[in-house]
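J.: Sequences listed follow chains A and B, in order.
To convert, note that position 102 of the first sequence is 102 in my numbering; the numbers rise steadily by one, no gaps.
To convert, note that position 89 of the second sequence is 1089 in my numbering; the numbers rise steadily by one, no gaps.
It is worth saying that the hints were derived from the structure and are not from the lab.
Bear in mind the structure is a predicted one, so any value in this text is a computation, not a measurement.
Built from N, CA and C at the ideal position, the CB exists for glycine as well.
One or more of the hints may lead you astray.
To be verified - To list a few chain A residues with every Cβ distance to chain B over 10 Å, as calculated:
no.	residue
1	115
2	132
3	156
To be verified - Derived DSS-like pairs: lysine-lysine, alpha-carbon spacing no greater than 27 Å straight-line:
no.	chain 1	residue 1	chain 2	residue 2
4	B	1142	B	1020
5	B	1037	B	1020
6	B	1142	B	1102
7	A	20	A	151
8	A	37	A	142
9	B	1102	B	1037
10	B	1102	A	102
11	B	1037	A	102
12	A	37	B	1102
The residues making up each chain are set out below.
Protein chains: 2
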Amino acid sequence: MTDSLHRPALDLAGIPSESKTGYPAEFLARVAGRTRKSLGRTLGLSDFGINLTELQPGAQSALRHWHRHEDEFIFIVSGELSLITDAGEQLLRPGQCAGFPKNVPDGHHLVNRSNAVACYLEIGCNHPDEEAFYPDDDLHFKRSDGFFTRKDGSRAK
Amino acid sequence: MTDSLHRPALDLAGIPSESKTGYPAEFLARVAGRTRKSLGRTLGLSDFGINLTELQPGAQSALRHWHRHEDEFIFIVSGELSLITDAGEQLLRPGQCAGFPKNVPDGHHLVNRSNAVACYLEIGCNHPDEEAFYPDDDLHFKRSDGFFTRKDGSRAK
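Bound conformation, chain A alone (with noise of 0.2 Å):
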């Protein structure tokens, strides 16, 4: 379908998708099937980010994290999605959603086991002080830093 929708609407169809990670080359293959619309920065806000994200069947929405000082929230829009926590993984259907406080260290993150395109809203504030905890993965991230580290400190790449 062609909209003709104007600001403050927003044509989705204009919107290009972004691919783009700063993970290390190890991890990439893992979200080789995301593609993001920014929503949010398209149309000029800045309080919070909002992303339409799509993940091809076998595609992560990230590798299992928590936030420090972030918020996050995610409404499944088409299709289905499994969301992996600490406690196990529970199936997400279109019309329901998920949220992650802050601080909370409960790894998560939505993995595609489906044969179709699933879509999802990811909802989330840019915190300067952020830093962000793998549990499954040798990885560590603090927005200060500029850069992904090992868990021991080095830099990955």
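We have chain A already, so just place chain B on it with the hints.
T.: Below, chain B alone, put in the same frame as chain A:
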């Protein structure tokens, strides 16, 4: 459908629908068919607020307004809603969205002109100095006042 999601996922069926508003009595009819589920608050998020809001036929999301200090974003989940701004009216369908950057003096609201219930996500932050402007109505809001006023500054009841 009964789901059996557990935190950090949210079972929407278990969240109460709220119809409260702080508007003065003369405006209550316009939002009488509006109910909200506070997803963000229920999930323990504080960086931003997220409501899943339902509008019955004829109901409005709010009086037409704009915010001084708060960005706002809406995403249509089901049904059809008319977005009204200074430029006129646009029909938004599921998967379409709009964003309202703070301090842009273009009053906006959603009106359900259809014969079916419509549902959307609304996202925003609470700024302590927030002030809201209502181009079509004799109304003004300043959070530090704690109540609505008329445009002449007198308290609106």
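J.: Run every hint past the structure and note whether it holds.
T.: Status of the hints after comparison with the structure:
1. 115: holds, 21 Å
2. 132: For residue 132(A), whose nearest Cβ neighbour in chain B is about 15 Å away, the distance exceeds 10 Å, so it holds.
3. 156: Check passes; 27 Å lies beyond 10 Å.
4. 1142(B) - 1020(B): holds, 19 Å
5. 1037(B) - 1020(B): holds, 11 Å
6. 1142(B) - 1102(B): Given that 27 Å is the threshold and the Cα spacing comes to 14 Å, the pair holds.
7. 20(A) - 151(A): It holds: about 23 Å lies between the C-alpha atoms, which stays within 27 Å.
8. 37(A) - 142(A): holds, 24 Å
9. 1102(B) - 1037(B): holds, 24 Å
10. 1102(B) - 102(A): holds, 25 Å
11. 1037(B) - 102(A): holds, 21 Å
12. 37(A) - 1102(B): holds, 21 Å
When held up to the earlier numbered hints, the structure conflicts with none and fits them all.
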